[in-house]
Every structure is written in C-alpha cells, then in structure tokens.
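Number of protein chains: 6
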Amino acid sequence: MHEDIKKIISDIKSLKIQGARNVAKAVLKALILQAKYSKAKNSKSFYDEIKHLSLLLADTRPTEPMMRNLLERASGYLYEKSREYKEKKQLNRLKNDFINEQKNYIKKIDEDAEKLFAYGARLVPDGAVIITHCHSSTVTGILKKAKRKNIKVIACETRPRYQGRITAKELAEAGIDVTLVVDGAMNLYMKKADLVLVGADSVTSRGDLINKVGTSTLAHIARMHDVSFYSAAELFKYSIMTFYGTREKIEERDPSEVWEKPPKRIKISNPAFDVTAAKYINGYVTEVGVIPPQSFFTLATQKLGVKIYE
Amino acid sequence: MHEDIKKIISDIKSLKIQGARNVAKAVLKALILQAKYSKAKNSKSFYDEIKHLSLLLADTRPTEPMMRNLLERASGYLYEKSREYKEKKQLNRLKNDFINEQKNYIKKIDEDAEKLFAYGARLVPDGAVIITHCHSSTVTGILKKAKRKNIKVIACETRPRYQGRITAKELAEAGIDVTLVVDGAMNLYMKKADLVLVGADSVTSRGDLINKVGTSTLAHIARMHDVSFYSAAELFKYSIMTFYGTREKIEERDPSEVWEKPPKRIKISNPAFDVTAAKYINGYVTEVGVIPPQSFFTLATQKLGVKIYE
Amino acid sequence: MHEDIKKIISDIKSLKIQGARNVAKAVLKALILQAKYSKAKNSKSFYDEIKHLSLLLADTRPTEPMMRNLLERASGYLYEKSREYKEKKQLNRLKNDFINEQKNYIKKIDEDAEKLFAYGARLVPDGAVIITHCHSSTVTGILKKAKRKNIKVIACETRPRYQGRITAKELAEAGIDVTLVVDGAMNLYMKKADLVLVGADSVTSRGDLINKVGTSTLAHIARMHDVSFYSAAELFKYSIMTFYGTREKIEERDPSEVWEKPPKRIKISNPAFDVTAAKYINGYVTEVGVIPPQSFFTLATQKLGVKIYE
Amino acid sequence: MHEDIKKIISDIKSLKIQGARNVAKAVLKALILQAKYSKAKNSKSFYDEIKHLSLLLADTRPTEPMMRNLLERASGYLYEKSREYKEKKQLNRLKNDFINEQKNYIKKIDEDAEKLFAYGARLVPDGAVIITHCHSSTVTGILKKAKRKNIKVIACETRPRYQGRITAKELAEAGIDVTLVVDGAMNLYMKKADLVLVGADSVTSRGDLINKVGTSTLAHIARMHDVSFYSAAELFKYSIMTFYGTREKIEERDPSEVWEKPPKRIKISNPAFDVTAAKYINGYVTEVGVIPPQSFFTLATQKLGVKIYE
Amino acid sequence: MHEDIKKIISDIKSLKIQGARNVAKAVLKALILQAKYSKAKNSKSFYDEIKHLSLLLADTRPTEPMMRNLLERASGYLYEKSREYKEKKQLNRLKNDFINEQKNYIKKIDEDAEKLFAYGARLVPDGAVIITHCHSSTVTGILKKAKRKNIKVIACETRPRYQGRITAKELAEAGIDVTLVVDGAMNLYMKKADLVLVGADSVTSRGDLINKVGTSTLAHIARMHDVSFYSAAELFKYSIMTFYGTREKIEERDPSEVWEKPPKRIKISNPAFDVTAAKYINGYVTEVGVIPPQSFFTLATQKLGVKIYE
Amino acid sequence: MHEDIKKIISDIKSLKIQGARNVAKAVLKALILQAKYSKAKNSKSFYDEIKHLSLLLADTRPTEPMMRNLLERASGYLYEKSREYKEKKQLNRLKNDFINEQKNYIKKIDEDAEKLFAYGARLVPDGAVIITHCHSSTVTGILKKAKRKNIKVIACETRPRYQGRITAKELAEAGIDVTLVVDGAMNLYMKKADLVLVGADSVTSRGDLINKVGTSTLAHIARMHDVSFYSAAELFKYSIMTFYGTREKIEERDPSEVWEKPPKRIKISNPAFDVTAAKYINGYVTEVGVIPPQSFFTLATQKLGVKIYE
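Chains as they are written, first to last, in my numbering: chain E, 1052 to 1361; chain U, 1052 to 1361; chain B, 1052 to 1361; chain C, 1052 to 1361; chain R, 1052 to 1361; chain Z, 1052 to 1361.
Everything labelled a hint here was simulated from the structure, so no lab data went into it.
Since the model is a prediction, treat every value here as computed from it, not as a measurement.
Mixed in with the good hints, there may be bad ones.
For identical chains, the list gives no copy identity; a pair is met inside one copy or between any two copies.
To be verified - Capping the alpha-carbon separation at 27 Å, the derived lysine-lysine pairs in BS3-like fashion look like this:
id : residue 1 : residue 2
1  : Lys1220   : Lys1318
2  : Lys1195   : Lys1076
3  : Lys1090   : Lys1076
4  : Lys1195   : Lys1220
5  : Lys1318   : Lys1198
6  : Lys1354   : Lys1102
7  : Lys1090   : Lys1058
8  : Lys1242   : Lys1200
9  : Lys1137   : Lys1154
10 : Lys1159   : Lys1087
11 : Lys1196   : Lys1358
12 : Lys1358   : Lys1076
13 : Lys1203   : Lys1132
14 : Lys1243   : Lys1300
15 : Lys1198   : Lys1087
16 : Lys1354   : Lys1166
17 : Lys1076   : Lys1166
Make a model of the complete structure from these sequences and hints.
This is the structure we're talking about:
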C-alpha cells in the first residue's frame, strides 16, 4: 500500500482527521491515490484493489455512515463502469473516469454542505432563540449563515466531553450571541426557545435520529413545550442497515470520561448516543432541502442508488 | 453576643454546618445559648433579645425555609408563653420552658427524619430501579433504609457541582448498587425506571417543588414515560411566602462553576434551582406520611401553627 | 317591601349593578335596610323576614355563587344569634348585631379583594407576557397592581360579546402594554407567554373552574405549551352544590349575540360557559393566598362555616 | 366463641357474605353479639375480648380496608369510653353504649351509601354515555339512581372473571340501556363516552385508586381522549397504611382463572388489581360529596379520627 | 398588453376573482390570450413574452402557491417544447400546443377538484360530526358530496372576518345540518366530534399546513381529544420555497378588521395565518387520494416535474 | 369450472385455508389451474376467463387485501402481456408465461415472508420484553427468528376468540419464554416493555393500521409509556381503496362470541377490528425493510405497479 494511503488511514484512526465530511473526503482521496498508483492489469483486478481498500478504510471508524455510503457508492460506480469498458485497452479510461468521479464527489461534499447551510439558515426565524447540543460543524455552519438574523443560541455543555464548549467558542468567535448552560437546565430554557437544532450521527430508515446522548432528552423536553425540533443531516448520514432491521447499537464509552478516579464500587455508565424517535422530529435539513423525517430514507436511497425491489 | 453563638453563626456562613436539618438544629442551639446567658430583666426584653437573634440567624442563609420556619415557630412559642407568664418572678420559668421546648425540637428534628426515612423506604418497590438527582441526605436516608429491597439506583451527576457523585459515593459505601450517569442520559434510563426520588429545597403553597436545577427536566421526562416522581421533604420545607403570592427567585450562581476560564464573549448561565409544577409530582414523603403535593401547604400550615383566616 | 330594597332588586335585575362583588355588597345592603325597617315583634319573625328577602334576592341572578354564599352566611349568623338572644327585650340587640355584621362584611369584601390583588400581583413574574380572556375586575385589579413589573398583556377579544375589549381598554387606560387578538390566535401567542390569568364564575368541589366559554380552550392550549394557568377567585366563588354532585349547567344564550340576522336554516349555538378541569389549573389566587385547585373547597367550606360530617 | 359469631366468620370466609359494605356490617354484628354474650367482669377484660375478636375478624379478608377501618374505629370508641366509665358498676352502661354505637353505625353504612348514590347520580349528565369496568354495587347504585337521565352504559366484560356480565345483567334488569364489550375495545368506545365511572377496592394517601386490573388501562385511555374519570368510594375505603408509606401489593391470583388447562410451558400472569395514579382521576364520589383525589386522605383521616401530629 | 389580459389582472387584484382554483384558471386564460395575440417572431421571444406575463400575474397575489405553481409549470412546458420545435416554421405549432396544454389544464383543475371532493366524501364517516374553520370551497365541495351520509357540521365563525358564516350559509343552502359557534367554543364541541376538516392556503415540504389563523389552535384541541384532523389541499398548494428552507411568513393584516375604532393605546395584532405542524395532521385529501402529510412534497414535486437531484 | 378450482374456493370459504399468505397462494394456484384447463381460443377470451375467476375468488373473503392485490396484479400482468402477444399462435406462449409468473409469485410470497422475518428479528433488542396481541404468523415468524436474543413475550389473550392462546402455544412450543395475560392488564405490563409488535389486517394510505380489536388500545397505552410500537405487514396488505378515500369498515361479529347465552336486554357489541392512527406507529416491518408508516403506500403502490397520475 502506498505511504500516502497509509498516512490517511492512520490519521483517521488517530482522530487527526475528524468530522463526518472530512473523513469522507479523506477516504475518497485514498481511493484516488490507489487508482493513480494501481498496477492492476485489467478492470477486474482494479475493481478488486479498490474494493479491498474500501473495506480497510471502512474499518477505520466503525460508525460513520457517510464514509461507508460514499465507499459503497464508489464501488458501485466502478462496477457499472467496468462492465461498460470491458476491453483491456479501456482500463486507463476506466481509471481516469473513476478518479474524476471521486474528485467531483469531493467537491460535491463541500457544495452540498453549503446548500445545506443555506437551507438551514433560511429556516431560522428572525431573532430566534435556538437551543443546540454537542458540536456539529453542520449546525454551526447553519448558525453562522443565519447570524444576520440576530439570533441567540443556548448551547448545552454536553457532558461528559463538553463538546458544547466547542460550539460556544466557535459561535462566539463568529460574533454570535451564545450562552452555555448545563445539560440539566434544558427545561428552564426551553420555555423561551423558538427552535432546537442538532446534528446527526446517523438516521434510520424510520427517520429516527442517532445522535450524542442527551439529544433524545432534549427532544422530549421540546415536545413538552411544543417547540420545533430539527436535525441537520446530509442524506449520506442514512444508516442503510436499519432498513434491513438491524438495531442501532449504543456504544458504551470509557467511564473515566465521566469521572476520572471514582471511589470504589460505583458503576459508571457512559453511553455515547441515544435514539430520538421520528415522532419528535419536525424535519431534517439536508442538501436537497428541508424534509419530513419519514422521507429521509426514500431520498437517501435514491441518492445512494440502492434498489428497493430486487 | 456570646462567643458560642458567634461561632454558630460563622460556621453556618462558612458552610461548616451544612444540610437543612443541621442548620436548623444549630440555630435552635443558638437560641438556647442566648436564653441561658440572657440578662433580660423582663419577658418583654427577653422576647426582644430572642427575636433580634432570630433575624440575625435567618440572615446567615437567605434560602433555607426549614431554619426560618423553626425560628418563626420559636418566636411564636415565646410570644404566647410570655403572655401567660406575665409576672416578673415568672421570667426564669419562661426561660426554662423556652429552653426545654427548643431542646425537644432538636430531638424531634431527628425523630421526624427517622419517620420520614421509614415511610419513604416502604414506598420503594422490591427490586426497584430508582433515579435520583443531586445530593439530599433525606433521599440517601430513605435509600439506605430500603437497601434490603435489592434496589438499583441511577444517580445523575448533577452538573455543575457534581453532587450526584456525593450521592453515589454515600450509597456505594452503604453497599447499594449505584450507577452514575451524565444528566443528559436521563431519557435513556427512564424507560427502565420504577421511581424517581429527589429531595427538596422548598415547597410552594401550590405544591410545586423548588430544587436543584435539572429536577424539572427529570420530572418532565418521568411524565413522558409515566414513571412515578416523588420528593422527600419535611413539612418545614414549606415556603410560606409563596402562599402570599411571592414568586420563587431562581438564584444565578457564579459562572466559573460551569467553566472555570471560558474564552471571551461566551455568556454562561448558571441557575441554582428550577421549579417543578405539582402536576408532575405523585407525592411528597414527609415525616407524617406520604401525601399528595396539594396537601403539603395544609399540613405544613397546621404544623407551623399559622392561621389562614385572621 | 321598602322602596330602597325594591330599587336594589331592580338594579341587579337590570344589570345596573354588575360584577360579583358589587352584587354581593348590594344584597347585604338590602338585608341591612330590611333590618332597619323591620317591624318584626320577635326574633323568630325577624329571622323569617330576612330569610324571605334572601330568597328573593338570590332569585335576581340564578348563577352568582358569591351572592348566594353571602346570603346563606347571613341567615346562618342570624339563626345562631337568635338562639343566643332568646328573650324578647333582646330583639333590638339582635337587629343591631345583624346590621353591624353585614356592614363589616361589606367592608371585608373590598378588603379581601385588595388582599387578593396583592397576592396575585406578587405571582406575576417581572417582564411577564400574560394572556387573559373575557373581563374580570379581579384580574384587572391584579394586573394594575403588577403594572410596575413591566408586564405585557394579550387580551383575547372573547366573542360573542367582546368583553376582551373592556379588559384591553381598562388596562390601556391604566398605562399597561396591552394587545387585543382574536380568540383563534391563542395558540400563536401561547408560545411566548409566561402566564395565563383568568377570572372565575364559580369553582366546583373538585377544583374545576366554570368560566366564560373559551376558557377551557385556552387552558388546553396552555397545557400543550406547559404554560402556567391561574384563575383569580374569591373563596365565595365556591359552588357548594357541586360538592353534592350537581353538575354545572352550561347556560345557552341568545343566538343573536353571535349573528344578529343569520340566514335561514343555520343553527347557532351560544353557550355562556365552559368547564376547565382542575388538572389544567396550576392554582387559584384567593384572598387568603395562592392555593392548589384541590384545596379550594376545603378552604371555602371553612370560610362558609359548612360542616362536612353532620 | 358464640356459634352465631362463628357463623359470621365462616360466611365471610366462604364468600357467602360479599361486598365491602355487607362484610363491614357483618363484622359489626359480630361485635354486637360478643358484647351481648360477654362474661367480662371489668372494662379492661371487655376491651380485650372485643380487640381479640376484631383481629380474628380482620383476618377473614386480608384486603378489605372498609371492614378494617370500622373494626379499628370500634376499638378506638371502646378505649375512649372505658376510660370514661372506669368504675365497675358502669360496665353494663359501657356494653350498652358500645352495642348502640355499632347498631347506629350499621344503619349509617346504608345511609351513607344512599347519600353517595344521590351525589353520584347528580354528577351524571343527561343522556350520558358511561363506561364502567368490573362490578361494584356502589357504581350500579349510582347508575340506577341516574336511570331517568336516559343514560347508556358500556360495560367492559372484565376478564378473567367476567364481573362485567354481573354489572350488565343488573343494569339491564333495572331497565338501563347497557352494552357489553370486550376489554380490548375500550379505545373504540372511549371516543363517544362522556364519563368513566368505576368502584374502588381501596384509596391511597396520595389519592391513587387500587381497583380491579384493567382500571388503570381504562384511565389511561380516558386521558388520551380527555374524558372525565370518576371512582365511587366510601371514605372508609381509605388505606391508611399507604399514608405510612407501605406500597399496595398486587395480589397474583390462580392462573386457571385465565386458562383452565393451558398447554405446557406457557406462563400465565393473573394480577387481581392495578393502581391508577391520582393524576388520572377527576374526582371521587363519596358519602360526603364529590371531592378531588387529593382530599380523600384528609377527609378519611377526619372521619376515622386519626391524628396526624402525635 | 391586450385589454382582456389587463382585465384579468385587475379582476384578480380587486378580488373580483377569488379562490385558489379560480385565480389559477384565470391566469392560465391570460396566458392563452397572450399566446393568441402574440406577435413574437420566434420561439425565444414567444417564451420571453409568456415568462414576462407570468411574473406580472404572479405579482397580483403574493401568496397563492397554486397559481404560482401553474405558471411555473406552463413556462417549463414551453421551455421544453421550444427546444423540440426549434425551427422558425414550427412557431405556430408551438403556440397551438401551448394553448391546448393550458386549455387542458383549465379543465383538469376542475376535474381534479371533483376527484378530490369524491375522495374526501368517502373519508367522512356516516352520521359524522365534523368541525371546520374559515371558508374553503374545497371543504364545502367535499361536505356537499358527503351530504347523503347524514352529517352534522360545526362551523367556527372565524374572527375577524367571519368566513365561517359563508361556510354555514353555503352548507345550509345545500340542506346540510350546520351549527355556527364562536371560535373559543372549539374545546366544548371537540368532545363529540368525529373529524376536523379544513382547507389549506399552502403546504410546506415537511407537511406542515399554512392556513387561516385559528387552524393550529383547532388542531391542538383535536389532538387533546384524539380526534382525526384532515386538510383538503390540491397538490399544487405545495409551497416549494419551504423545501429550500424559506420560512412561511405570517402576514399581519389591518387591525381595523378586528376592531374598527379602538380606543387609544390598545395595540391590535391581526395575523392572517398560522402554521399547523405535520404531527397534528392525520392526512391530506388531494386529487390523487388521501395521503400522509409527509408524502405531500414527494407527490407534489412529481406532479410539478421538479427534480430533486440536479 | 374445474373441480380442483371449486375445491380451493370451498376450502377458503370454510376456513380450511387460513392466513393471508396461504389464502393468497391458494388463489394463485386456482389461476394456474384455470390457465392449464382453459379452452379459450384467443387471448381476449383467456383474459376474460381469468378476470371472471378472479372476481369469484375475491368474493370468498370480503376483507383480505393481500389476496385482492395479488389477483389484481395477475390481471394486470395478463393485460399487458396479451397486448404484447397479439397473434393467435402466441396464445400458448401467453398461457405459459402467465402460469410461470404465478408460480414464481407463489414462491416469492414465501421468500418475502422469510425476508420480513429476518428484518423483524434484527429489530428486536437483546433480552427484550415484547408485548403482542392476537395471533399473526408474521409476528410469530419474527419472534421465532429472534429466539436466540433471549426475549420474553407477553401475549394478550385477545378476547373474544382467545387468539392470544394460539400465539402463546406456538411460542412456548418453540421454546420462547411467553406469558399470557388478560387484555385489561396491558397497562400493568407496558411499564417494563421494550417493544410492542403486532400483525396487520390491512394498512391505509395514511399509514394507519387496521387490525384485531384491542390493537389501538395497546398502541395508545404504548404511547403513554413512550414504548415503540411496530406492525409486521407485507406491502400487499396495503388497502388501496383507502387512498381513494373509502373508510375502513369495522365489521361487527356475532355477539355469541362474547357471551354465548346472555340474559335478555343486554346488548353486546363485538367489533372485529379497530384503527390505529399512523401517529402511534413507529414503523412497519415489511419484506423490503423497516419503514415509517407514511412510506407504506408509496412502496406498496410501486410494488403493485399502480400509477398515481393518470
């Protein structure tokens, strides 16, 4: 394997590369490098090389649907193309087409993010009070675009890792009025909120949202006060395995994140995520527009090119 | 003022004396000392001395209804007695009666706590999963009494000051199965809970509960899952001024509790309490028994000896 | 019957005298006049005179619990006193006592109202947005007292008779920031409201509120947004017959109030009141303090001197 | 022990005597018999005899709060009286007073029931559709009194023992329009119901209702449709031990009631009761009037003569 | 511009032409006239003429998605066709095709309405009590078709402009049993309702409904009683800009509609619309069938021929 | 008509053939037989024969959307093919194609069921407590597949016909931990449940579920406790007539099923089904995957090949 590809793999593993979009772009770059340095003699072995690397890349992060979906999409593209260019002499054309397709997609990831920010920013009412949780560059992207609307943001600190502080810092630096509060204070601030806006780790086929623990608590509290609850999520956040019934697993993280040196005999539970049912979500802000949660899987399926009826 | 009284006042102010019951007992001790060392020549000036000290003591903690109610009760007792023992030579008898009454009450505070613990422990179902918030010696008193029932406790860490850790430590040392979780995880654990049990800073005339911020979030989440929500509160936690319409003030504490050195331009809001409406509370565990929230003010009014119709 | 008494009766009937408190004071004045001009020869016939007049007065308004309760109270007082002063020569003393008692009560009605206003005003948070319905001098009394708190009032116009306009006018003249909206807009404004405050026609033994049609709609909408809902009601608004199971009757008023000359074949329903269940009410503001709806009947029963166990 | 008393005890045990009121009257009769045939030489040993019999009688039915409360009341009465009539020659007077008191109470049980029926009947709206569950002679007593109001009753059959059929039969014989439905159909009929009315096995200090399994399901469904839910319960149904925190135990009955000869390996759970939280109950219909669930314990405590503050 | 076209524009502006369908048909007629009288020399300039007129027509009513969608559709059709018929001599064929397409669509508007009425009428249960709000010819169209089902309609008067009276009159003339009530009485009548049926000003991409103020209040009250809530809306009511995140603006109308000559200092707020979230809506009745709110944008997008992925 | 076809028709009518899938397979077999023994001379008359038989078969069960949808699909297939093979000599090819298509579909029915079972089994959490109602081979198919997950099943007995016993027996024989309870006990067991899983008689265009009476009660109770509610339903359970507005009729079955020989004058209502609104359903488990209720009609429409815009 080429050194540059190894570097990408190790950077993802060591969290040097972070954020769903950055990871996705990095794995596409790895595929491009592989195509460039490939010594495959025919389309079959080229496809195998790419497929093999894809599996390695997918393993760098067990739960990143966006990256997995893009790797899947790339293999699918190559498979179709390789049937089209069957002849040997077409191998270079195949590689070039594959490289260009991935380059375009890298650009498209950022273009799609910009579209999503714009759609989200329009959704924010003038002078709105917005509650958010954890840190999501998709959410901060929207809020920065909506800055002119004179918004006020309440950021929950998001224990145990305080990602709410990252959100607060980023927004404050962008000149947005932001207040940090402890997670338990949600109910106190919800009364005056116009909107809850959170990111997404992944989205199930029923439109349920998998996101940082605390999200479902926030969504329940929003419902109690009939405040709108939106999640900003690219369609590639779709977790296709949930369509086939697989349950979302709730990762249990290291207890020391919650309490570094706890006294004996105290158990500490530190779940990474929770599930917010579609019924608590008003809509998803995506790169194609603002959609009801129940349509997420239809649109994502189309974008991924997955066929429902075989 | 006698040195021992000064010591009590400074110990309360410096938080050496903590917990609603301990503070209450300390101020009654101060009254006893005052009575012992009093140089008052007649019942009128004796009453004035006690009243004056009471006001000083009440000022040591602006929000401690239990202490305030007991000081009020002591003055009331003295006022009635001083009308009974009008003659000068009865002054010593008056002092003695007053001292004995306070001594009895100090004992009664602990006896009442024991009763409350017993009532609360009976309320806990066998094998119950109980969620609690913050630290309350009344709640831990109940849970320790209910230990034999094979209970499991989920303690919310209670940011910003992590009092949930004190609860977890105390229960673990008592051999109770306790799990500490971050506040945002409430909703995830509520599904399997049998009971929510919290303490009380004070209780309003409508039966609303003033308690550590996060309590009302917990109560709303409990309602969403139809889980019983109880608060353990001595009747002296009654905030009589709410009967006369005064709103509960939500103290705003130092932001450094939430984030010691935050970057610039980030506002931090750190409310100490929130209000849980009576409609979210199944009952209060008190020293006389387990009662509906709407009866709290009637029973507390009777115990305090306050007359509703003048 | 004395002319002045006849005048009072006709003024109540013709609505020259309006408002629960004014009507109550007027009937007590009528009793005083009767006592003054009475030619009764003994306490028995004096009692009969007063009782007879009471029934006439009660008939002037079929649904005014406050007036009825005060008439009932006056008879009860006279009955007890007449047993005390059995001898003939004590008749004048009896009349005088009776007259003084009623005079005191007339004064007390206004004093109680002032207390209620003060308790209610304390309950209003600083800078609060308050939604109200119909017109109630008890509500406007509170709001005027709370004016310094920099409140904003949303008055629902209260079709069909637009009493919301009276409220809006009275508050605007008092210098309060008031906005009039149509009744259907309730839900739109509830999101930003801190408090709903309405008056009371009567209160049942379960703590349910009988008030102008639209009140229960407002209460349901408040619950959907978890906004506090209070009613301002003197304890004499208690409808004792509901304790004995009698259902509240919903008066059906003239259809022309809704549409003066409707086309043919259209039915028009114009109910005067609706019932708001206790579970939607956070508390009642009364002359003794702010209480949970479930305590209304206990306190009212005590004030009225009704015995629960015969 | 006298044969007649033995007969009463065996009749209660063999279910020849049924229904809370009938059992209560039977045990009072047993006390009267004991007093008549007593050979006690002094008030102390008479009291011991009565107390001993009371314990035997209480054991005939482990869960009948009404009977237990009445036995408790009888002992209390005797204790007070025996202190009054200390002298030996007063023993007969003591016995007579005791007998008369119990006789009066037997009459009062029926008089109280009649009052309760009347209060309940007034509560039923004209032309109402009423859903009921299981069989309660208190409920059928009310419905028969309300017959003239042109009511329609939906009786849930109440598996496993079909007591709904007894209700349906009794009402049909009384000429009331009654429809029997399976328990699962509750939701289908709730949309058109005006009222749910059930009986009560016992009532806790928080106002929660212990009643035949299925009652809490009915109450939840009523809440979903905002239909009023009432329980008819004499104040003696109060379970005082719940005031002292003791949990209501849910009796598990014989599985053969559900399925006589089930195939192997199928577990059958057959709980006798469930608990309906006070927040789902609009009111209790009692012999003193219609009250909020939160007042049940206050009024019952007063009627029982229990002191809250010792 | 031709006089007949000017006439259409002025008739729409002066409200001589009213109702979403009538306005839509009028603007298509205007396009036909323009095509007939067009002096364009080539397809490019013909397209420009039509596009220019379309913008003028769209401006006659700022908020009429149906008209806007049809104008958009007409331009789209022309654009495609003009690429097909590129040659000059095909210009007449192009005009004719365009004219015929619009004529067909005018007919289709009415045919679609008829289909919608039929689908809606089937949805109405026999003997149903239906609550409606404001006036919508789509709703009255359905109700008239459902007349044989022996329905009863409750029409809310819909302050400030009393459009409920228009509904009541139209239905009464059609022989339907209709009762007019004030808007505040919603909650009183909901208990006995089977269905709420309203029209639609526009529908967002999330399936939210923009409609006359009071609609969201009605929807919340329906949810409280678990009564089905449907909106009748042609797919062309879809507001495509909400897909791209744009918020629905709530037009603020003239205060004199609420109170012609109000006293000084009273603010009057008169919002024209409110937003009912998809979660409160059971379904939309459309010309293709009865659909969940979440599918509205998918079907509307297909009908409009908008592509989601560019 | 061939004897074998007659046999199939009579077996369906006499309930010898039961279950939606078995009935569907049987009618396809009947079509195959008809094609085999057909004496039609041209494709037109062959189509007529098949269409005629389809109508006869559809009549054997008035409410079986799966069978109806498959018959409809078969006719549609034949219609298209017969236009393709117009020439006479192609008639045999047409018959063969038709027979093969039906044979394939019979196989596909079972394959689809297996897929559905697999998707559903993945959805079940490890160690889950699952509540179910009535008997559905689709539900038991899932549960048996999920057996290794160490599940516990609560089966409601499902009065009046006790189909819950069939479920309990089938699961117990498969070695699954199953507990049978009466229907009224739902609320008691819901507190500890992780999932409710039921079958489906049919599904409406809004995603509402038509299923055995008691299902909607279960769904409402699940919502009260925020427990997930899923229905297992093949896409062919789609009731297309609801798209066109037709209401689901609730069949009223024989009262003797509820009470064999009831006393006189008791009405018995025995509805077969009830309707569970989409808002109470988290998702449907189908043969293509787990989907939100709102997508059921889209996917079913595609599978059926129905065109939405004609």
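Results of checking the hints against the structure:
Proximity of Lys1220 and Lys1318 under a CA criterion of 27 Å is satisfied inter-copy only: 10 Å between copies versus 32 Å inside one chain copy. With identical chains, the CA atoms of Lys1195 and Lys1076 are at most 27 Å apart within one copy only, with a shortest distance of 22 Å there and 43 Å across copies. In this homomeric assembly, Lys1090 and Lys1076 come within 27 Å of each other (Cα to Cα) only inside a single copy, at 23 Å, whereas the closest approach across copies is 54 Å. When the C-alpha separation of Lys1195 and Lys1220 is checked against a cutoff of 27 Å, the pair qualifies only within one copy, where the shortest distance is 12 Å, while the shortest distance between copies is 43 Å.
Taking the shortest alpha-carbon separations for Lys1318 and Lys1198, only the inter-copy value of 17 Å comes in at or below 27 Å, while the best intra-copy value is 43 Å. For the identical chains of this complex, Lys1354 and Lys1102 are intra-copy neighbours only, at 20 Å inside a copy versus 32 Å across copies, given an alpha-carbon limit of 27 Å. Proximity of Lys1090 to Lys1058 under the C-alpha cut-off of 27 Å is restricted to the intra-copy arrangement: shortest distance 20 Å within a copy versus 67 Å between copies. Proximity of Lys1242 and Lys1200 under a CA criterion of 27 Å is satisfied in both settings, with 21 Å inside one chain copy and 20 Å between copies.
Only within a single protomer do Lys1137 and Lys1154 lie at most 27 Å apart by alpha-carbon distance; the minimum there is 23 Å, versus 36 Å between protomers. Taking CA atoms no more than 27 Å apart as the test, Lys1159 paired with Lys1087 passes inside one copy only; the shortest distance there is 21 Å, against 45 Å between copies. Taking CA atoms no more than 27 Å apart as the test, Lys1196 paired with Lys1358 passes between copies only; the shortest distance there is 25 Å, against 36 Å inside one copy. Taking the closest pair of Cα atoms, Lys1358 and Lys1076 come within 27 Å of each other both inside a single copy (25 Å) and across two copies (26 Å).
For the identical chains of this complex, Lys1203 and Lys1132 are neighbours neither inside a copy (50 Å) nor across copies (49 Å), given an alpha-carbon limit of 27 Å. When the C-alpha separation of Lys1243 and Lys1300 is checked against a cutoff of 27 Å, the pair qualifies only between copies, where the shortest distance is 17 Å, while the shortest distance within a copy is 34 Å. In this assembly of identical chains, the alpha carbons of Lys1198 and Lys1087 never lie at most 27 Å apart, being 43 Å within a copy and 49 Å across copies at closest. Proximity of Lys1354 to Lys1166 under the C-alpha cut-off of 27 Å is found in both arrangements, the shortest distances being 16 Å within a copy and 24 Å between copies.
Taking the shortest alpha-carbon separations for Lys1076 and Lys1166, only the intra-copy value of 17 Å comes in at or below 27 Å, while the best inter-copy value is 35 Å.
Hints 13, 15 from the earlier list are contradicted by this structure; the remaining hints agree with it.
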